[in-house]
Amino acid sequence: MDARMTVEECLEMWRNPYPRLARMREEGERPVAFFCSYTPEEILHAAGFTPVRLMGAVRTITHADAHLQAYCCSLARTDLDMALAGELDFLEGAVFVQTCDTMMRLSDIWRRNTSFPFHGDLVLPIRMGEEISLPFLVEEVRRFRGRVEEYLGRSIRDDALEESIHVYNRNRRMADRLYLLRRERPGALDGLSATACLVAGFWMRREKHNDLLHHILEEAEAGKEKAAEKLPLLVSGSVCATPDLYELLAELDAEVVDDDLCCGHRYFDAFADENISPEEALARRLWQRVNCPAKHQCLEDRAERLLRQVGDSGAKGVVFFLQSFCEPHLFDIPYLRNRLREELGIPSLVLESELQSFSRGQLRTRLQAFLETIRGV
Amino acid sequence: MSSGENRDEEREAKERRRIKSGEAMRDLMTKYYMEAKAAEGTDKHIAWITSGGPVEPLIAFDVIPVYPENHGAMCGAAHMNVELCEVAESRGFSRDLCSYARGDIGSAITKGGPIGGLPRPTFLVCCNNICNTVFKWYEELARFFDVPLFIFDTPFVRGGLPSHHLDYTRRQMEEYISFLERITSREYDEAHFVEVAAKSLYASGLWAEVLACNQARPAPMTCFDAFILMAPIVTLRGTQEVVDFYQGLLQEMRDRVEQGIGILPSEKYRLLWDNIPVWYEMRNLGRLFMELEACLVADTYTSAWTFQEVDTEDPLEAMAAIYTEVYLNINLERMADKIESLARRYEVDGMVMHSNRSCKPYSLGQYDLAKEFTRRTGKPTLIIEADHTDSRWYNRAEVEGRIRDFVENLL
Ligand code: SF4
Ligand code: SF4
Numbered sequence: 001m002d003a004r005m006t007v008e009e010c011l012e013m014w015r016n017p018y019p020r021l022a023r024m025r026e027e028g029e030r031p032v033a034f035f036c037s038y039t040p041e042e043i044l045h046a047a048g049f050t051p052v053r054l055m056g057a058v059r060t061i062t063h064a065d066a067h068l069q070a071y072c073c074s075l076a077r078t079d080l081d082m083a084l085a086g087e088l089d090f091l092e093g094a095v096f097v098q099t100c101d102t103m104m105r106l107s108d109i110w111r112r113n114t115s116f117p118f119h120g121d122l123v124l125p126i127r128m129g130e131e132i133s134l135p136f137l138v139e140e141v142r143r144f145r146g147r148v149e150e151y152l153g154r155s156i157r158d159d160a161l162e163e164s165i166h167v168y169n170r171n172r173r174m175a176d177r178l179y180l181l182r183r184e185r186p187g188a189l190d191g192l193s194a195t196a197c198l199v200a201g202f203w204m205r206r207e208k209h210n211d212l213l214h215h216i217l218e219e220a221e222a223g224k225e226k227a228a229e230k231l232p233l234l235v236s237g238s239v240c241a242t243p244d245l246y247e248l249l250a251e252l253d254a255e256v257v258d259d260d261l262c263c264g265h266r267y268f269d270a271f272a273d274e275n276i277s278p279e280e281a282l283a284r285r286l287w288q289r290v291n292c293p294a295k296h297q298c299l300e301d302r303a304e305r306l307l308r309q310v311g312d313s314g315a316k317g318v319v320f321f322l323q324s325f326c327e328p329h330l331f332d333i334p335y336l337r338n339r340l341r342e343e344l345g346i347p348s349l350v351l352e353s354e355l356q357s358f359s360r361g362q363l364r365t366r367l368q369a370f371l372e373t374i375r376g377v
Numbered sequence: 001m002s003s004g005e006n007r008d009e010e011r012e013a014k015e016r017r018r019i020k021s022g023e024a025m026r027d028l029m030t031k032y033y034m035e036a037k038a039a040e041g042t043d044k045h046i047a048w049i050t051s052g053g054p055v056e057p058l059i060a061f062d063v064i065p066v067y068p069e070n071h072g073a074m075c076g077a078a079h080m081n082v083e084l085c086e087v088a089e090s091r092g093f094s095r096d097l098c099s100y101a102r103g104d105i106g107s108a109i110t111k112g113g114p115i116g117g118l119p120r121p122t123f124l125v126c127c128n129n130i131c132n133t134v135f136k137w138y139e140e141l142a143r144f145f146d147v148p149l150f151i152f153d154t155p156f157v158r159g160g161l162p163s164h165h166l167d168y169t170r171r172q173m174e175e176y177i178s179f180l181e182r183i184t185s186r187e188y189d190e191a192h193f194v195e196v197a198a199k200s201l202y203a204s205g206l207w208a209e210v211l212a213c214n215q216a217r218p219a220p221m222t223c224f225d226a227f228i229l230m231a232p233i234v235t236l237r238g239t240q241e242v243v244d245f246y247q248g249l250l251q252e253m254r255d256r257v258e259q260g261i262g263i264l265p266s267e268k269y270r271l272l273w274d275n276i277p278v279w280y281e282m283r284n285l286g287r288l289f290m291e292l293e294a295c296l297v298a299d300t301y302t303s304a305w306t307f308q309e310v311d312t313e314d315p316l317e318a319m320a321a322i323y324t325e326v327y328l329n330i331n332l333e334r335m336a337d338k339i340e341s342l343a344r345r346y347e348v349d350g351m352v353m354h355s356n357r358s359c360k361p362y363s364l365g366q367y368d369l370a371k372e373f374t375r376r377t378g379k380p381t382l383i384i385e386a387d388h389t390d391s392r393w394y395n396r397a398e399v400e401g402r403i404r405d406f407v408e409n410l411l
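Just so you know, the sequences run in chain order A and B. Following the numbering used here, the numbering of the first sequence begins with 1 at its first residue and continues without gaps. Following the numbering used here, the numbering of the second sequence begins with 1 at its first residue and continues without gaps.
No wet-lab data here; the hints were simulated from the structure. Please note: incorrect hints may appear among the correct ones.
Where chain A lies over chain B, by a calculated footprint (3+ residues, C-beta under 8 Å) [stated by the list, open to error]:
id, segment
1, 87 to 98
2, 182 to 193
3, 284 to 295
4, 363 to 374
5, 394 to 402
C-beta atoms are modelled at their ideal positions from N, C-alpha and C, and glycine is treated no differently.
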């Protein structure tokens, strides 16, 4: 299949992954949902599940309002809404990782009001990257494995887990290459396509995604480049539930050259060490990977990292894309914007997304105005 | 009888119902804030700390603890928090962030509020047992004041407290102590710490007994009084003054119970309150409940500072466990157990829940808790929409109307 078609399919999935997810069961897969990039997917994978990521959906809320107040992010609200409406019945279960207050409470609400066979919780420290929290995290990962094994009624073999770690590491290596390619040769692979290829991995078995990335990389790396003069930008925030932001930027002649998203760079950062015990490897990876704002920044200041990413990628502006009511992200915004402005003279735009009242038109207007200021028109 | 005599009688009855310890508390808190403010710029250490944070080590190291949340409540009650929030908002902080945090950041910038802002901290202590918002807020404070931040990380507890949680928090207690040794250049004195911890526990035991007095009919106070009277236990537990104060208060409450003095002129209904008070609206709501003869006899908030017995053999571990299993750091089922037990002990006729727009850990899950509460107790619940200190979201007419309907329909 040619690369163009693969990208098209990935985009299609990004627009609406649910029809494909709904077919998984018939195809013999056992999908288990996760929400957060701190989920040790390898354990689910080794257990024979297909971890699939729920990133919300553009929809009107019909069921979730009886359980969640309106001042809660639209990821939580729309995901719960789909579950309560019975639209996620193909799932065997879901895994909740403690990040923000919303996720912490959503796990209980979900468990009490749905009847999926499996429910997993993983409690993470907020002090990542500090010696003191590592033993706790290793034990949590071990407990999580135990929880999955208990559900399966059998143990997950170490070699199976090691194999899964290997599969995911390979995936991360290719994701790195993908990002490098898009940054260095944007003419060969644009930001929209690269991101589509990456996020499509949330809705298929990792081996399949590895094949997909391999194929895309081969073609793109060999392909020739057309020099495209587009305005380079960086996107920072949580997740993009739909490709609209990227599509609009492309329409407006801008190019996303790098990101700081939890469905992007933060998702595949850092490898699991294949030479130590699998639980420790998984725990260590989560513990040392780039921090999400829901964790305490002690390894590296988020602003430093963002500034470096902007510098390295040559971005001329930053678009912050986050969910309304998302405390962890919203708290960091003033600081990050100040540093960008004061140290690099880089302008930024903050876009808040509410999936239940999504408007592409409004998004476009705001982006257009922002791009015009950068271009100085 | 002349109307003059009538008024005199009324005044007397009112005076009889008034809680006299309120003055002692105001004196205690005024002295505390004055001392804290006077310490600014001296070589005394001042630490800002979250309300659920372990304060005992600070007291043991002679550090002055300062509580932005208590200050936030004060700013809210003085109707000054909105302007402080607006300062933070003008700097780019979203209107959807916790209004304590916004107000505090605003007050740090302008020194605004009823007492001219809080004294500058020399370091910060943040414990996430109440929410995951506080460490973001304290990160901002650490940048603003450019001072060290100690985070006491208390992972969320579902079901029982697993041993690796306790290992983690226990090790952090030790780290906290070393951190204080370094900052204050003093050595840890375990005997002194145990003494402080014992006082703290003793005071919290007294506080629990004060609250328990409200099991009596009529109740000697409402939880709105408790919200005010808890200031010392939140801010200064571990000191002798606090022990003395709560001894006095307990005596007063016991006397009231004995003499049958209720806080309301007449108590027809007994209600449970959930969530942080609506600080800027306490007076109006208090009046409304009084008029409706409904007494808020207990709540989920003030009881957060009543700790169970601990073993003083290993005070650090005991503290670590206590601070991890507070009300907001446990799963919904355990919260439901607590609410149910309050409802039974205080024999309430229903529950009023404040759905608090900018406090998610306290508010998300309330709809499910309300249902569970009714299922277990057969009592109704009312959920009102407000915010603890941001009055811009508050619709008085609507809330009061709903409270009236609710109480009037109680059996
Ligand atoms: S978007 Fe923000 S508030 Fe929502 S689940 Fe993610 S981190 Fe939590
Ligand atoms: S979010 Fe809630 S618990 Fe956290 S500081 Fe604000 S009011 Fe307190």
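Results for each hint:
no.	hint	result
1	87 to 98	holds (count 7)
2	182 to 193	violated (count 0)
3	284 to 295	violated (count 0)
4	363 to 374	holds (count 6)
5	394 to 402	violated (count 0)
Hint violations for this structure: numbers 2, 3, 5, all remaining hints satisfied.
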